[in-house]
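Student: Here is what each chain is made of, one letter per residue.
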Amino acid sequence: MSQSSTDIITADKLTKRFGDFIAVDAISFSVKQGEIFGFLGANGAGKTTAMRMLCGLSRPTSGKAMVAGFDVGSQSEKIKQNIGYMSQKFSLYEDLTVKENMKFFGGIYGMSRQRIKEKTREILEELQLIEHQDTLVKSLPLGWKQKLSFSVAIQHEPKLVFLDEPTGGVDPVTRREFWEMIYSAAHEGTTVFVTTHYMDEAEYCSRVCIMVDGRIEALDTPAGLRETHSAAGMNEVFLALARKAKRSE
Amino acid sequence: MTAIDIQHIRKTYPSKPSPVMALDDISISVTKGELFGLIGPDGAGKTSLFRILTTVLLADSGVASVMGLDVIKDYQSVRKITGYMPGRFSLYQDLSVEENLHFFASIFNTTIKENYHLIKNIYVQLEAFKDRRAGQLSGGMKQKLALCCALIHRPEVLFLDEPTTGVDAVSRVEFWDMLKHLKQEGITIMVSTPYMDEASLCDQVALINKGSLLALDTPAAIRADYGEPLWAVKTSEMYKLLQDLRAYPVISTAYPFGEWHHITLSGNRKIDELKDYLLSRGHGKLELVEAEPGIEDVFMKKMK
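Chains A and B supply the protein sequences, listed in that same order. Using the working numbering, the letters of the first sequence map in sequence onto residues 1 to 249. Using the working numbering, the letters of the second sequence map in sequence onto residues 1 to 304.
What the hints contain is simulated information worked out from the structure, not anything from laboratory work. Where hints are given, some of them may not hold.
[As the list claims (entries may be wrong)] Taking lysine to any residue and the SDA-like style, the derived pairs with C-alpha atoms no more than 20 Å apart in a straight line are:
1. B:16 x A:131
2. B:16 x A:95
3. B:240 x A:141
4. A:246 x B:174
5. A:119 x A:82
6. B:304 x A:206
7. B:302 x B:288
8. B:142 x A:43
9. B:210 x A:82
10. B:234 x A:43
11. B:80 x B:195
12. A:89 x B:140
13. B:304 x A:174
14. A:246 x B:173
15. A:246 x A:206
16. A:89 x B:42
17. A:246 x B:122
18. A:145 x B:15
19. B:234 x A:206
20. B:304 x A:43
21. B:210 x A:95
22. B:240 x A:246
23. B:142 x B:176
24. B:302 x A:174
25. A:138 x B:176
26. B:304 x B:288
27. B:234 x A:180
None of these values were measured; they are calculated from a predicted model.
Can you make the complete structure from the sequences, with help from the hints?
Tutor: Right under this line is the structure:
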């Protein structure tokens, strides 16, 4: 893992209100370049809202956050160009082929034709998908889709990639192969910001943040969290913290 | 007594270039009163099996019955005694919470009052929202309402398709508590889940992948069936460790498992040799212990 101390995300009292409801309540934290940062919370804890603000999709009500060097309030377009994003729900276009998807997303991110060509070749080789490059994405097995979609999300080589429950539904072997891709990207310096409902995956993160009722209830390494809460595993830590929640979703 | 009997069920879906085998010769028998888990990832065939058992899909071949009633010949009777909570939210979005419940009670010729004791624990959590449209509920609330609607006619057998998918760890624990309570009421439950750790909460489980049955037994018996020593190893650099393990010739499998990597060795290799190798690769804080295989270890082994 990169030892660089450069912060790629800094949030300072970042807040989002919807009317009387405070979805995200003045959260402050920072993420270092090259970290795998796990972002956990019960349904309704404010995770999605916080993540939408960090991706430049939702303007904060108050507070501030810098992502990849840009302000989420005033430079959201810049942020979108400089991050990668993938979720289980939104990833690739099913009715485009593997190659067409790569070309499309490369174009969106402003990559040159030459660069897209090179990257496409590199990724297809890595995933051993060369012979399937003209296959429609909808006919690929789920596991391949997830891996391809991660590669596409980082083909423009962003410094930071957001992964929203990337491994939902895939088999346990594929889930691990996927995490090895995350490890490898982080090893090369890409920062990974990831949400998951699988508590074993929280252990693979450099640091884990747990949100409860719109606030950050804990933020530490997995080992540190286990120690603080005298817990055998992350599942126990999560249950202990999330049960403090007063608001229901 | 057998509550659910599945014999040699096969189901394919047309697809190009070749048909998709959704269920490949599946036979399962579930005893009355049991909490039975179907454990597997997306595409395993779980939903197809539920749809066949709830009489809304025909198998290509094989037979299935619920409480002795054939799912084809006696489909009307099967529908009366079963409750089904599909994976996708399938209540009426434009009806309120109370209206939905009322609707399901009346099509089964019963009333909310008659079986209220069954849903009471769940419904009290919804009561404050009883006038809200179902479409406006949060995910967890929708799930609770769907369970109430599947229970309101007091079914003998309950089918729940991935009720905990995408649900956070706290709500998952609560949901399994509700299932335990329903089991005590004598209801036979078949529940599917992609979360391997939930297998241990079932009396019996079927591990299923790509339409095939990988294992069928009690969770304890399945874990005991791993069949070879399993080791857990950790050091201060887990990614490097994984790469070093993969590069070591006698390693048969190496997978991340939470804070550990689980490994198996080929042949009769001494674990001390592996220790020496890892130390020579410069790993600090090395821990290497024998591990209890979990359901997920078995699943991964049988997937191959």
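Student: A separate judgement is required for each hint: does it hold in the structure or not?
Tutor: Quick rundown of the hints versus the structure:
1. A distance of roughly 17 Å separates the Cα atoms of residue 16 of chain B and residue 131 of chain A; the hinted pair therefore holds under the 20 Å criterion.
2. For the suggested pair residue 16 of chain B and residue 95 of chain A, the alpha carbons sit about 15 Å apart, so the restraint of at most 20 Å is met.
3. For the given pair, residue 240 of chain B sits about 29 Å from residue 141 of chain A by alpha-carbon distance, which is inconsistent with the 20 Å threshold.
4. For the given pair, residue 246 of chain A sits about 16 Å from residue 174 of chain B by alpha-carbon distance, which is consistent with the 20 Å threshold.
5. Distance check on the hinted pair: residue 119 of chain A and residue 82 of chain A sit about 17 Å apart at the alpha-carbon level, within 20 Å; holds.
6. At roughly 31 Å between alpha-carbon atoms, residue 304 of chain B and residue 206 of chain A are farther apart than 20 Å, so this suggested pair is violated.
7. Using a Cα cut-off of 20 Å, the hinted pair residue 302 of chain B and residue 288 of chain B is violated, with the two alpha carbons roughly 24 Å apart.
8. With a CA separation close to 13 Å, the supplied pair residue 142 of chain B and residue 43 of chain A stays within the 20 Å bound.
9. Of the supplied pair hints, the one linking residue 210 of chain B and residue 82 of chain A is violated, its CA atoms being roughly 38 Å apart against a limit of 20 Å.
10. A hinted pair counts as satisfied when its Cα atoms are at most 20 Å apart, and residue 234 of chain B with residue 43 of chain A does not qualify at roughly 32 Å.
11. A hinted pair counts as satisfied when its Cα atoms are at most 20 Å apart, and residue 80 of chain B with residue 195 of chain B does not qualify at roughly 30 Å.
12. Restraint check for residue 89 of chain A and residue 140 of chain B: satisfied, since their Cα atoms lie roughly 18 Å apart, inside the 20 Å limit.
13. Proximity of residue 304 of chain B to residue 174 of chain A is assessed by CA-CA distance (about 12 Å); at most 20 Å being required, the pair is judged to hold.
14. For the given pair, residue 246 of chain A sits about 17 Å from residue 173 of chain B by alpha-carbon distance, which is consistent with the 20 Å threshold.
15. For the hint linking residue 246 of chain A to residue 206 of chain A, the alpha-carbon distance of about 29 Å lies beyond 20 Å, and the restraint is violated.
16. Note on residue 89 of chain A and residue 42 of chain B: the hinted pairing holds, with a Cα-Cα distance of about 14 Å set against a maximum of 20 Å.
17. The hinted pair formed by residue 246 of chain A and residue 122 of chain B meets the criterion: a straight-line CA distance of about 18 Å does not exceed 20 Å.
18. Restraint check for residue 145 of chain A and residue 15 of chain B: the C-alpha separation of about 18 Å stays at or below 20 Å, so the hint holds.
19. Simply put, residue 234 of chain B and residue 206 of chain A have alpha-carbon atoms about 15 Å apart, close enough for the 20 Å limit, and the pair holds.
20. This hinted pair does not check out: residue 304 of chain B and residue 43 of chain A have alpha carbons roughly 34 Å apart, beyond 20 Å.
21. For the given pair, residue 210 of chain B sits about 23 Å from residue 95 of chain A by alpha-carbon distance, which is inconsistent with the 20 Å threshold.
22. Straight-line distance between C-alpha atoms of residue 240 of chain B and residue 246 of chain A comes to about 41 Å, which puts the hinted pair past the 20 Å bound.
23. With a CA separation close to 16 Å, the supplied pair residue 142 of chain B and residue 176 of chain B stays within the 20 Å bound.
24. For the suggested pair residue 302 of chain B and residue 174 of chain A, the alpha carbons sit about 14 Å apart, so the restraint of at most 20 Å is met.
25. Between residue 138 of chain A and residue 176 of chain B the CA atoms are separated by roughly 34 Å; this puts the pair beyond 20 Å, and the hint is violated.
26. For the hint linking residue 304 of chain B to residue 288 of chain B, the alpha-carbon distance of about 25 Å lies beyond 20 Å, and the restraint is violated.
27. Proposed proximity of residue 234 of chain B and residue 180 of chain A is supported: the alpha carbons are some 16 Å apart, at most 20 Å.
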